[in-house]
Amino acid sequence: MSSAADAEPAVPAEDYLHAERGPWSWLTTHDHKRIGVMFLASLLLMFLLGGGYALALRMELLTPGETVMGRLAYNRAFTLHGVIMVWLFLIPSIPSSFGNFLLPLMVGARDVAFPRLNLASFYLYVLGAVMTLWAILQGGVDTGWTFYTPFSTATGTDVLPVLLGVFVVGFSTIFTGLNFIATVHTMRAPGMGWMRLPLFVWAIYGTAIIQVLATPVLGMVLVLVALERVAGVGFFDPARGGDPLLYQHLFWFYSHPAVYIMILPGMGVISEMVPAFSRKNPFSYRVLVWSTAGIAFVGFLTWGHHMFVSGQSTFGSGAFSILSMLVAIFTALKIFTWLSTMYRGSIWVNAPFTYVLGFIFLLFFGGMSGVAVAVTSTDIHWHDTYFVVAHFHFIMVGASLMAFLGALHYWFPKMFGRRYPESLGVGAAVLIIFGFIATFLPQFLLGNMGMPRRYADYPEHFQPLHVASTAGASLLGFGFVIVAVYLGWSLRHGAVAGRDPWGSRGYEWLSDSPPPEFNFHEPPTFPDRPHDYAEREDRPEVGHAL
Amino acid sequence: MPSDSTQRPVVTQALHFGAEAARQDAAHMGMWVFLASEVMLFTGLFTAYALYRLAYPEVFLHGREHMEVTLGTVNTYVLITSSVFVALGIAFIRRGREWGAGMWFAGAVLLGLTFLTIKGVEYAHHIRDGALPGAHYDFDGFAVPGANLYFTLYWVMTGVHAVHVAVGVSVLSVLVFRTFGGAFGVAYHTPLELGGMYWHLVDLIWLFLWPLLYLV
Ligand code: HEM
Ligand SMILES: [Cu+2]
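Going down the list, the sequences are from chains C and L.
Numbering follows numbering that gives the first Met the number 0, with no gaps: position 72 of the first sequence is 71.
Numbering follows numbering that gives the first Met the number 0, with no gaps: position 110 of the second sequence is 109.
Source of the hints: derived by calculation from the structure; they are not laboratory data.
Be aware that one or more of the hints could be misleading.
Here are some of the chain L residues that sit facing chain C, going by a computed Cβ distance under 10 Å [to be verified]: (1) 33; (2) 37; (3) 55; (4) 58; (5) 131; (6) 132; (7) 133; (8) 152; (9) 154.
These figures come from a predicted structure and were not determined experimentally.
The beta-carbon is built from N, C-alpha and C at its ideal position, and this holds for glycine as well.
In isolation and in its complexed conformation, chain L is listed as follows:
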């Protein structure tokens, strides 16, 4: 920053007239608003799901027979557990137990990676069957009109979700390193809380995708 060499009295941060508490409020508020906008992002996909389910009720009834319910269900438990880990991590940091908090968050990262791995296994099976989206659909076991749309929805919805999981894993990993580096404690742990909120949302969205695609 070349400006630091000037004579001007240097104010390092654009502090607000309010106190640190106001800035933490702002951070939480901002995260809530961001999560609301994320929900709207998925709303478009849920709308498409509803529309095509109405248009092809038979397809959606039989579509789930071609899903690996066990893997999907295991993944649901994996994500829920990871959310619990994150919550525990935050409870720990609030009491000043930095090492414990870091461990819980690291556990959540591992579970996030497990989720992605299991998802990858499922994708591999679909690819083997030729159950690819749209134009590339080539699955003989399920070749009725509209079947490709079911798989298109499946790929796009879980794909967008998986991107979110990947982003969440990266965010949590950074937080783990910073926690072990001593960046957070009782007095200051806003980033952990924000990361946690994001992770809960990713979990929550899966809790909608799982019944829609695997169960009903």
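In isolation and in its complexed conformation, chain C is listed as follows:
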């Protein structure tokens, strides 16, 4: 590769954090690593904001009647909580931050295929977020994060900036996905065949396909709602001959696959960490790959399970019910593969691995409750109750967020070249997992007793469970604060990590920590299969204790 060699700087480049200095060099960078870090920072900010709303909601639900806010304020708070958490945090979370940072490193490329598009994608995200937050300053929206018509076309609150904000964020998602697909197809290092891709790359690739194919449908339906608001086009308005169900179909055609945009990258993260901390080859690389493809595909065929009580045909409901369960089969394949990988491994329980355990447990629980709500008869009982709230929080928070936190700890040394205090990390992880269970387990019971979702008030006898849930939420919040404090501290004062502090065989660890500006000092070769721990004895420098 003579052209690459020519461009190689004569002296070894500094790491990407110091290669160029000053805020301007960050804001105009084309380096996928810096863009990943900027996404990470923005996402964490959004998480903080969404978390603030969550605590406000739990405060209001502490006692029956009005506790800290009125009903309209409550409606606005849960809408903004949902909008921020789903659209501005969870959907872009792992792909845009860790995906951006790691994908080129893992396939041995210098950067993603379209570095400038990557930066544009970041600015689109920022623009969309600002538009959405602007709506908060205007007083907020009360439609819920799903913007169901006809309410969303009729309510007096300022829905338009939020619709357009989400639309713009959607384009950011599409461009990121497009970039990843092109990178995986065309930028792999010589000799890296498809069956040698790291599992995280597979997960991000599957996610990217969903991002590219589903998000435009969401974009169009948001445009239609916007047109309905400003021009009264009538698509979703029965008074003009339109059909509100059309909205639900189009919305869930995107938004169910979108839950796999949130969870597949998380599964990829877990598939990286399980072999690394069990010191074993994955029980079956192929099963992990093909179940990823299976989930990505079947995820497109299940949207109707959100509409069991909407009046769709009985046949339709039955079909969607069965298709939904297929997803559970692929998920189970993954869970069994992870467990078999751990079986008789020499397991190292540290902070990332604690999140792995949390992830697997919560995904299992959330998935099983998913199968339960996918049964049409039971869903009629649970629909729009706290049972569903508990179900999707188990998946979205319990699983996706656990994976995000695990990724944050696992790759923190890679990204910043420093370690964090491991024992604090484990403690905080345990606190978060228990806080989480205390928050959402009572909600299954509440839902089963008939507590509807999205209500600010409730009868007296629901109170004990609500108090438990609010107490859990405080624990959870406290856990996040601890994580934020020690990670922030470690950025400057953590011990220097060295190239591969975990003794991981992931390809990304072959480059320095933090990596140099163009990822590798010379064109990389990857002699071993990915996740090959068969010869771990060769690497005595890696111990289990810290």
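Mind docking chain L with the ligands on chain C? Use the hints.
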């Protein structure tokens, strides 16, 4: 770029470890994926079309009587011809005939503008009749329940398409200027190919809209 003043050895482009060929592959791949996502964008509208056609079969049968089939058909030929021009332009640039390529692309731009003009004439007629979407529908000649939805679909589908034509015209215009400026030749003409692919897609989508709205 303030960074250029530092002592660091300056690498102007984040070249990949592969060669220029890999980057061209990536560009084509990226464009195909983008086109796939564009198709999905229109899929939402086609779904709405199918749904309302099932709900109001009579309306859709008579709706096309209020369309100006001649103008629509002329526009179809205009777009197809422009696609041929683009294809010829690319054949020219591949053989290194830059001037010819620029001319063919310029021709496609003119045809794109012709399309938009004819579309504008049609829109003007609809506005005159009061055949506006949804709440603003006020067309006495066709006042059955659901008629407004037919026109809503017509406006939104052709409107979104027209936006794409406008974007395509701008992209092609830039390419024309760059071609005449000598930016492309036998060795390097990826942007022309990508622009061409986009234009073919815009053409292709019209080939679906035209029968759905004017013919069947
Ligand atoms: C194991 C496979 C899964 C199955 C079988 C499943 C099934 C269901 C069903 C049937 C509903 C509708 C309940 C109702 O509307 O009454 C539902 C709701 C929901 N699910 Fe899942 N799900 C699964 C996985 C996931 C995942 C992975 C996520 C997110 C990462 C997720 C997020 C959601 C959300 C957000 C809702 C609430 C929709 C609303 O606002 O009403 N689910 N799920
Ligand atoms: Cu779903």
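Hint check: 10 Å Cβ-Cβ cutoff, residue 55 (chain L) to chain C
7 Å, holds
Min Cβ distance, residue 58 (chain L) to chain C: is it shorter than 10 Å?
9 Å, holds
Interface hint status, residue 132 (chain L) versus chain C (Cβ within 10 Å):
This interface hint holds because 5 Å falls under the 10 Å limit.
Using Cβ atoms only, decide whether residue 154 (chain L) comes closer than 10 Å to chain C, and label the hint accordingly.
Hint holds; residue 154 (chain L) Cβ to chain C Cβ min 8 Å, cut 10 Å.
Restraint outcome when residue 131 (chain L) is required to lie within 10 Å of chain C by C-beta distance
9 Å, holds
Restraint: residue 33 (chain L) near chain C, CB-CB cut 10 Å. Satisfied or not?
Holds - the Cβ of residue 33 (chain L) comes within 10 Å of chain C, reaching about 6 Å at its closest.
Can residue 152 (chain L) be said to touch chain C, with a Cβ gap under 10 Å?
8 Å, holds
Restraint check, 10 Å cut-off on beta carbons, for residue 133 (chain L) near chain C
4 Å, holds
Restraint satisfaction for residue 37 (chain L) [CB to CB of chain C, less than 10 Å]
Given a least distance of 7 Å, the restraint on residue 37 (chain L) holds.
The earlier numbered hints are all upheld by this structure, with none contradicted.
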